[in-house]
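Colleague: Take a look at the letters that make up each chain.
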Amino acid sequence: MVITFSGVLTGILLTPIVAAVIILLLKDESKEQARIVAALAIGFTLLLALGVFFGYNVDEANAAADAGDTYFAYEDHVKWIESIGVSWHLGVDGISAPMVLLTSLAGFCGVLISWGMEDRTREFLAFFLLLVAGVYGVFLAVDLFVLFFFYELSIFPMYFLIVIWGWAKTREYAAMKLTLYILIGSVVALIGLLVLYFKAGQATGVYSFDFVDLHAAAQAGAFDTPFFSGSDATTARLWFPAIFLGFGVLAGIWPFHNWSPDGHVAAPTAVSMIHAGVLMKMGAFSALRVGVQLLPEGAKAHLPWIVFLALINVVYGALIAFRQRDFKYVIGFSSVSHMGLVSLGFATMNVTGMTGAGLQMFSHGVMTALFFACVGMVYDRAHTRDLPSLGGFVHKVPLVATAFILGGLVSMGMPGLSGFVAEFPVLVGLWKGPGFLPDPGWLTSTFNYYGTIALLAVLGIIITAAYILRVVGQVFFGVYNEERFPHVTPITLYDKIALGLLMFWLVLLGVYPRLMTPMIESGVKPIVSMLGG
Amino acid sequence: MDINWFDADYLPWLILFFPLLSFGIIVLFTAHSRILSQVVAMTGVCVAWLLSMIEFIKVVWASDAELGKEVFGSTVDWMTLGVSTFKMGVLVDPLTAYMLLMVPLACLAIFVYSLGYMRGDPHNSRFFGYISLFAGAMLTLVLADNLLMLFIGWEVMGLCSYLLIGFWSHKKSAYQAGVKAFMTTRVGDVLMLAGVGYLFLETRTLSFRDILYDEAVLEKLVNTPSVLFGGSAAALIGVLLVMGTIGKSSQFPLHAWLPDAMEGPTPVSAMIHAATMVSAGVYMVVRMFPLLSAGADFHNGDFSTPMIIMGLVGGFTALFAAVLAVGQNDIKRILAYSTISQLGYMVAALGVGAWVAAAFHLVNHAFFKALLFMCSGVVIHSMEHGEQHAAEHGHDPAPHAEPDGLVMDYVAPPNDVLRMGGLFRKLPITAITMAIGGLSLAGFPLITAGFWSKDEIISEAWHGTTEGYPLALFVLLVLATAALLTAFYTARMWFLTFWGKPRTAAAEHAGEGSQVSWRNLWARLRRRPAKATDPGEQLTALQMEIPLLVLAFLAIFAGFIGVHTDFPLLGDLDNPLHEFLSGTLIEHPPVIDFDWLPVLVSVALALGGLAVGFVLYGIRPLAKAQVDPTERALGPGIWQALQNRFYIDMLIRRYVLRPAEHVARKIVIEDIDKDTIDGVLESVAEGFIWLGEAFKRFNTVVIDGVGDGIPRAIGDFGSWFRQVQTGRIQQYLLVVTLALLIIGALFLIQVG
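Sequence order for the protein chains is A and B.
Under this note's numbering, the first residue of the first sequence is numbered 250, with each subsequent residue one higher.
Under this note's numbering, the first residue of the second sequence is numbered 774, with each subsequent residue one higher.
Calculated directly from the structure, the hints in this document are not laboratory data.
Just so we're clear, the structure is a prediction, and the values are computed from it rather than from any experiment.
Even for Gly, the Cβ is constructed at its ideal location relative to N, Cα and C.
Check each hint, because a few of them may be wrong.
Said to hold, decoys possible - No more than 20 Å apart at the CA atoms, straight line, and that leaves these computed lysine to aspartate or glutamate pairs for DMTMM-like:
#1 A:645 / B:894
#2 B:1469 / A:731
#3 A:418 / B:1477
#4 B:945 / A:635
#5 B:945 / B:983
#6 B:944 / A:731
#7 A:418 / B:1481
#8 B:945 / A:731
Unchecked claim - Stretches of chain B that chain A covers, calculated by requiring three or more beta carbons in the stretch to come under 8 Å of a beta carbon on chain A:
#9 844 to 853
#10 1384 to 1394
#11 1465 to 1478
Generate coordinates for the entire structure from the input sequences, incorporating the hints supplied.
Modeller: Rendered as structure tokens:
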């Protein structure tokens, strides 16, 4: 029952899985072959992702958005389990296309920088490829059952990657913590999703997990009826927090953020890159797709207080990052802080802020992958991440220092780099506020709620500059301890390619944001028009 | 699209492009080669300078028809978000053209100087890469046609200042100073960004042409109530923008970074203090003046909120920093405080509406301050040599060990003016050019550029005072007092450095074998054996001294373009600057009536300050260990009489100068600057650190406590419950029996 099938997206999704199987079939000693297979597989998906990214037709998307339709490009739509309305439906819109590109970039660079990994290489790469496939699945899924399937699928290799190859000191604790947090969050979100499935089915008579059908039901007002008869709480209002925060756990929203720094730190470098760079975006993306886009009335009722949690994320994460002694924890908490900006962008509920959030997802993904790559390279050489014992590494690994400083500048919003083109619209959008009055009247009657949040969020950017400069000073500048770190090897060619590739995108997007903004905007527009902004 | 890049509309893109290109090439390709990097950097800045000159001439020619109405520029879309489009564009109007006269030339001079100064540095290429980026960012800022692009240049400069102040990053104090500069200015930057964002939301544009040249837009901003703190939107935006300048241009209370910024190499100090960084802050408020003064009729004494803030902050800073400069012994720190003070003049000038005067002083100051810093660099280089010699031979060693980290009152021995003296003979060219720069700074009447611009500011403040505006009176009083102090500390610095006899062995051996001597060059030309035989060193001498001469020329002559038309004799020059610059504003600023009184006051203050300095340090230069040779020669009788003639000297010394120095050093530096301001800044910082720590604890104890507590509770419950499963059949049977009994009892109660 093929409805449409272009095959590109299915190709992106299945390539890593096939490669994982091939790698497991290889002999135990053939580590190099395993690496080559992994790099070729993800490299191939990177090319496909680039093709999708540059082939995406923004005009068509905008036309569909203006007409009030959903729009997905490169659709693969095959009927699957018809009895419960599940289909193999993949597609990309303006928000997910950059995410797919981000995943392939982080995955490709992750394979490159773990080239030197000698401990059970085949298994590591197989799990890694499976993880990447899971992430692809979430970003590509149009059918929400498929989305959920891959959401869970990506957690399981993550657990093993951390427990087996992680930092011996905390890996068991961190892996368990991460899995529990994310699983509980996803179960809550799943219950919300099932509610939507049945509500939409009752209203329209079509029981389907397909986003397009659910979206049509939402437009027809299926979720705006009272959930319990006799109560005035609508389905949207009641279930929005469950779905948004359930997925939001993976986006590190306060106070459910603590799995993330522990997980980032315990994970091996390549996994941290995917973990902080892409996995957290998966949470934010799902919260946006399932939560905000299907339940606009719920978003309008609840985002005005959730924005406050996001603000806490930004400032709180930055302050804690400032006080860390462990190099990797600094970056871990910086992710908590920066993901707050994504949530802040969603909460603006206007095109400017949400486009900024989309840019921030991409920018932060590349930036934090770069950060973790740098941390890993320093750790591999110093065998410590204790900040006061490091110093002077600019002389030993200059490219790593350059990359880290560039990433730092991105994270503090330096104009000319991608962080600025992401953060500036978020803050402008936040200052502007949503196109309607937030629900509780006191929010706007007494003072400028959104404007105040914007000013306070700016505080986070100042603190970001402080902790980045502190870390740069402690790790890369200052005096190098020759006695403690006598033999430092230079970084490999693979490392250089990975760093260069990531840096290239940060600069490219900063100088030429029009590469991505129209696309993200075309994905954001339908959401904002449903929000009435 | 067919673009003629040499068209005046597009040429500005090339001006800013070339230094940025140099940066890219150096960082990516030539970092390994010192010579290549220098060539690339020099080419970039030279091309930028040449193109700027071409652009400037085009503007002047175009202005002949109707002055200033012809504005060149072009824009491209940069980022579109919904209905909002952010654009990038360049604009050359008379104000920009005037800046183009200064910025590339000052940069070029500093680049040439750096060739010599950074000669021995192992990271030479990196240095030239960074300063190319610095120059490119400043040109981006100056040429921008909108606030967003200006802000990009602004922030990139902040980055460059961080990289360059901390250039010698192995020195802890240098790195700390870089961070301090970056963080302090960033506080202002972020507030400014908030202002930029707010402006964008109100007007939907950031273009100067759409905002500043459109009275309707300004009118609308004035009539919109602001979102915070009451007042109008225009006032809030203006105040936020001024905050940016307070950080960038080092005004009170965000001034503390600039004196420490001298931790960077001296050409960097010249770059920061003159051509780029701090000038950018003032340039921004000069550029945005129509917005800052919107809704206020300042010609009739009605000042807008941003103007009042500028008047108060600028005026206070001018005086405060001048007092501080008097109490410094570090040659670069004296200059740093003087920069803060002079920037205060410009900001205060804008506060009372002296727009043209502020721009005029900005450019003049850049010329003479770059000159002064580069001279001080030569002095320090030469003293370093002397200190090294003295240390090798065990003559009076440096009094303090170099501290670990940034210490406020530590003076590096080669920078200490008290350890100098008599350097005139070693460094004649430097001494003369530095005297020219110093006279310009002090506002020596008629022949220096500094006099004309400073006089114009004071005249405008005087004009306002005669009209009875309290703000103008305040500005007049503080600026006049500061002018007196400026002249005095300039004289003190120069005489202590160059005059008299060397006071230490280091000064005695200063510059020995060093490159800076025309005599060597002259000897070389006449094929006589020179003192220094390395031919490279002769080149260095040229590289470091030619820029001094060029800037010395400008420190004198850059002022004649702005002489008031009613000034006797020199007025015939016609004051082209005022007419030219006025074209930038919609409403031409009126030329105030010429008044002798403020001019005479300016002259008196400058000469008075210089005279006091001369009497105290010039007539009787400070001697080594205070053994005065005159006393021995004349005998005690005459000496006593002479002494009595100098009662006035003594009185000044005892009752004016010493208390003043005491106030400056003890109270202002130690108590206010170090304890109060740094104390406040430190306690704010500590507050944040404390908060971070508290959050960290909270995060571990409460949030993780709950997060870990629930699983632990479940686990504990499980292990407690496990005890039930003992494996003894008897116990199981007992439980089953008990349960059956209870259920049976309940059943009976229900039924019965």
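Colleague: Tell me the numbers of any earlier hints that the structure contravenes, in ascending order.
Modeller: The structure conflicts with hints 2, 5 and 10, although it agrees with all the remaining ones.
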